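Residue numbers (the working numbering), protein chains in the order written: chain A, 1 to 185; chain B, 1001 to 1185; chain C, 2001 to 2185; chain D, 3001 to 3185; chain E, 4001 to 4185; chain F, 5001 to 5185.
Since the hints were derived computationally from the structure, they do not count as laboratory data.
Bear in mind the structure is a predicted one, so any value in this text is a computation, not a measurement.
Honestly, I wouldn't trust all of these hints.
Stated by the list, open to error - Derived DSSO-like pairs (lysine-lysine); straight-line CA-CA distance at most 27 Å:
(1) E:K4064 - F:K5044
(2) D:K3044 - C:K2129
(3) F:K5023 - E:K4044
(4) F:K5099 - A:K129
(5) C:K2129 - C:K2027
(6) A:K64 - A:K44
(7) C:K2126 - C:K2099
(8) F:K5044 - E:K4023
(9) A:K126 - B:K1036
(10) D:K3036 - C:K2126
(11) B:K1099 - E:K4036
(12) C:K2126 - F:K5036
(13) E:K4126 - E:K4064
(14) D:K3064 - C:K2044
(15) E:K4126 - A:K126
(16) C:K2126 - D:K3064
(17) D:K3064 - F:K5099
(18) F:K5126 - D:K3129
(19) B:K1027 - B:K1129
(20) D:K3126 - F:K5036
(21) B:K1126 - E:K4129
(22) A:K129 - B:K1129
(23) F:K5126 - E:K4126
(24) F:K5129 - A:K129
(25) F:K5023 - F:K5036
(26) B:K1126 - E:K4044
(27) B:K1064 - A:K44
(28) D:K3126 - A:K129
To be verified - Simulated restraints on C-beta separations:
(29) A:E136 - F:R5118: 31 to 39 Å
(30) A:C96 - C:D2007: 30 to 38 Å
(31) B:V1043 - E:R4116: 41 to 49 Å
Glycine residues also receive a C-beta, built at the ideal position from the N, C-alpha and C atoms.
Number of protein chains: 6
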Amino acid sequence: MRVTTFDLDSEPVSADTARYFDKCEEKLGLVPNVLKSYAFDDVKLRAFTDMYNDLMLGASGLSKLEREMIAVAVSSVNRCFYCLTAHGATVRDYSCDPKLGELMVMNYRVADLSERQRVMLDFAVKLTKHPHEILEGDRQRQREAGFSDRDIWDIATVTGFFNMSNRVAVATDMRPNDEYHAMAQ
Amino acid sequence: MRVTTFDLDSEPVSADTARYFDKCEEKLGLVPNVLKSYAFDDVKLRAFTDMYNDLMLGASGLSKLEREMIAVAVSSVNRCFYCLTAHGATVRDYSCDPKLGELMVMNYRVADLSERQRVMLDFAVKLTKHPHEILEGDRQRQREAGFSDRDIWDIATVTGFFNMSNRVAVATDMRPNDEYHAMAQ
Amino acid sequence: MRVTTFDLDSEPVSADTARYFDKCEEKLGLVPNVLKSYAFDDVKLRAFTDMYNDLMLGASGLSKLEREMIAVAVSSVNRCFYCLTAHGATVRDYSCDPKLGELMVMNYRVADLSERQRVMLDFAVKLTKHPHEILEGDRQRQREAGFSDRDIWDIATVTGFFNMSNRVAVATDMRPNDEYHAMAQ
Amino acid sequence: MRVTTFDLDSEPVSADTARYFDKCEEKLGLVPNVLKSYAFDDVKLRAFTDMYNDLMLGASGLSKLEREMIAVAVSSVNRCFYCLTAHGATVRDYSCDPKLGELMVMNYRVADLSERQRVMLDFAVKLTKHPHEILEGDRQRQREAGFSDRDIWDIATVTGFFNMSNRVAVATDMRPNDEYHAMAQ
Amino acid sequence: MRVTTFDLDSEPVSADTARYFDKCEEKLGLVPNVLKSYAFDDVKLRAFTDMYNDLMLGASGLSKLEREMIAVAVSSVNRCFYCLTAHGATVRDYSCDPKLGELMVMNYRVADLSERQRVMLDFAVKLTKHPHEILEGDRQRQREAGFSDRDIWDIATVTGFFNMSNRVAVATDMRPNDEYHAMAQ
Amino acid sequence: MRVTTFDLDSEPVSADTARYFDKCEEKLGLVPNVLKSYAFDDVKLRAFTDMYNDLMLGASGLSKLEREMIAVAVSSVNRCFYCLTAHGATVRDYSCDPKLGELMVMNYRVADLSERQRVMLDFAVKLTKHPHEILEGDRQRQREAGFSDRDIWDIATVTGFFNMSNRVAVATDMRPNDEYHAMAQ
């Protein structure tokens, strides 16, 4: 079940987790390797998926594509192979625009974005690279681009989440499922 | 209930959350402002506390103090006022050593640490500053210092968690409870 | 003939250049936009193509794939959308391994490379990021990995060439041909 | 003929190259060591000199001194001893102002420059240090300072060329001719 | 008399120095370890204390608290354990505001400062991190915030002094007196 | 008497300072502009010259040339035009080797130095760029190169002094005397 040389000496997957993985397989055609990595402990897996599902799939003033764009732009700063591959594929898929996926991976700054999306990604990337320099002026620029404080919360938490996931993935040598590479090209 | 000018237009806190806050008050003598910040949405609050409680208080090969030391060393890189204040107080409290708390805040490298703890913090800080440069050699150094892959998972996830929380806190201008400053000095 | 809003007020392409472009179309199925960008001046176009063709296609102790891997690893440091797209496609094409192309774009460090190729790319990337810190020890490590001084010359000049091209492309807002995105996926 | 411990096992210089070196000797009083470094291969030498001569001596909206100022400011970022020495001497020579040469080597920002030259060097240095952050606004500032898109092309290609040459020089331990140090002081 | 493993093989303290240390003990309740470090040489000790006393205690358009705020903000950039501890305590003491001390140590940017003090600290920190980028515009912003050129001199020399002291302290492994940690909490 | 647009509204120079300047004129053929900058206040001028004269001209295990080499290598990191010009001239003068002066200004790493001097400058430059990363291992490398702790003190204090002076010079727009440029070329 392990996907790298990193070895968690995991027990067999629990019945709950097995059911969850069946649902993934059915819906996505695969069980993302990140979930297999967490599968050694039901509490950790559930904490991770609860947070992920709420952030990326729950109600939000940001579209699902926008949240995935943040995911990839942040992962590009951190150069996380796992997240760039998996979420780059999702951007291609959601947008039906393979070039947009590549732009988020390579350099979001040269993409042809709406002002709203540029301001959103500039904030996410500054928060990733220089969190100690985020000040009221940065929040104010978001508001001027039409984001409510509730939206800024979502930009901040998605940005934060991938700053966490990128580091867990690289620290544990997580490898993306091979299927992602060809997806939605 | 809000603790900064950042405004989430939150509804009154739910009954579940009110009960949780009462328990915090009882146990800690205060409700950490980070929890008040998440209180506008029960799902988000629970996802956050589930992950936090498992990581920082659950079973682990790392002591609770070691996990808090990681929290502060990571927050020092990111210069997060909220987390440095709150978790700096916890390091002082757990260790009964105010100087250790200051060292984690100021520069963990000059603290008088065991080899195990130095290697652990070096990894957490490299993972925070240069995640793209983490390679097998870095994991190997952890193993040579006595950490199992299961322990490295915990170092990685605690490091990841504070890289998330630091960014959520600075993005939303979260402010620590005043009580932390004088705690365990 | 121009490919961006950047405007060189170019004359009609010369007969020589038109012939050269026909040959590109025939061999590659397209005229790379970088060549169209240089087409306003025959001397500049020829100087560029002479250097490029010698470096990337001429005799060398480095395979053509290795030279393209350097091109992409360097362009990844500089986050050059044009070169990452065009040469990322070439790595996929030469290697018949789409994942290798993505790894060069995203983070060459986590790719499964031979010692020779890792040492070569480490040198190219250090030379790109910290040229002032290259010393005899760096050359020595190349030699220990089997490279002759003549090979190091080629690593250095390919690395140098893309540090030039990346900057010309981003300064003039050069855009890759759309065909590259789907190529060899 | 070799000028460092770096060893290309070069054949005797070809008749063409010998003639070219004689012309250098006649015109400059020396054969620049960079040309001796390239002399092991006529194709590479010609590609290099064709590009160099067009860029630095050909027709351009930038004066020859301005192009040399870019050369030195770029080489200062990369701390390339060869190019700083050789092109620092040329700035002193062209400008009859030894202090200007030192300023370009040490910190162009504190030199007493025209607005045009400051804007030009700011662009060259940003393009050298942070190519991925160059956007339309940067080109626009050049235009407002009086540069045409054709001029920006020349700023970009001279900047690019020295980002290449600096790296070839440091990678191969190229050493400047001793004559440069005292020239035009 | 030495306070670290760093060993200066110092002679017994001179009579002059002994008198000076008695005065410190009387006024401050302790002899700062930095003075003990310099005590091996009367000339060095006097040069250091003459400069320090003039800068930090002499007449100035900056209040003593403002000079200490600069000391801590600079030491925070350089992560100097000695100066952060000693001068953090002084900020707490002068301001009667422990939180202000922590803010200077952790991240002065999120402190609730007057425009004057924010502009002053922004200058001190830029001068610490990027001295080569300080230009007339930076001085102009100080003047617009009400500082005279004489005040800017004091901001510059206090900033400079702690950039010196931080480096002497970390290079010689200087350790702060234990008394500082609990002072004015 | 002022040497830049920076305006200290200085009184006429005191009799003591006038005598000191006469001595400078006699010995050096000029009054260094840095001294004129400090001349507005006798206490500040004396504190500066006392420290400078002890550090750079007093008894030490480091030769005067070595101390000047540190001065220039440090000023090169900080890109301080004043100190690079004045102390670059002194290195040329003391060493009778104009190329050594240029190497210290441009990139000390590629100079042909003794192991002792390379280790000394590596320490000075690391202490300048990354003071928070200086640890016992760095001191140990100095000792292995033959430096006593007393010598390390001098390396540290000279390094510290120029980290101070560089910042005072750039903050106050100090300009070197024109005579330095041609000196000892």
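(request) Please work out if K2126 of chain C and K3064 of chain D have their alpha carbons no farther apart than 27 Å. (result) With a Cα-Cα distance of about 31 Å, the restraint between K2126 of chain C and K3064 of chain D is violated, given a limit of 27 Å.
(message) A range of 30 to 38 Å was offered for this pair. Does it hold for the Cβ distance of C96 of chain A and D2007 of chain C?
(response) Hint holds: Cβ distance 31 Å, inside 30 to 38 Å.
(message) Holds or violated: K5023 of chain F and K4044 of chain E, Cα atoms, limit 27 Å.
(response) Holds, because 23 Å separates the two Cα atoms, which is no more than 27 Å.
(request) Measure nothing beyond the straight line between the CA atoms of K5023 of chain F and K5036 of chain F; if it is 27 Å or shorter, mark the hint as holding. (result) holds, 13 Å
(message) Please verify whether K5126 of chain F and K4126 of chain E have alpha carbons no more than 27 Å apart.
(response) holds, 19 Å
(request) Decide if the proposed pair is consistent with the structure: K1064 of chain B and K44 of chain A, CA atoms, cutoff 27 Å inclusive. (result) holds, 17 Å
(message) Hinted pair, alpha-carbon criterion (27 Å max): K3126 of chain D, K129 of chain A. Please report holds or violated.
(response) holds, 18 Å
(message) Can you confirm whether the C-alpha distance between K2126 of chain C and K5036 of chain F stays at or below 27 Å?
(response) Measuring from Cα to Cα gives roughly 44 Å; hence the hint is violated.
(request) Quickly compare the C-alpha distance for K1126 of chain B and K4129 of chain E to 27 Å and report which way the hint goes. (result) holds, 21 Å
(request) Please work out if K3044 of chain D and K2129 of chain C have their alpha carbons no farther apart than 27 Å. (result) The given pair, whose Cα atoms are some 25 Å apart, holds under the 27 Å limit.
(message) Given the hinted pair K129 of chain A and K1129 of chain B, is their Cα-Cα distance within 27 Å?
(response) holds, 9 Å
(request) Given the hint that K5129 of chain F pairs with K129 of chain A, test it: the Cα-Cα distance must not exceed 27 Å. (result) holds, 20 Å
This entry does not satisfy hints 4, 5, 12, 16, 19, 20, 26, 29, going by the numbered hints stated previously.
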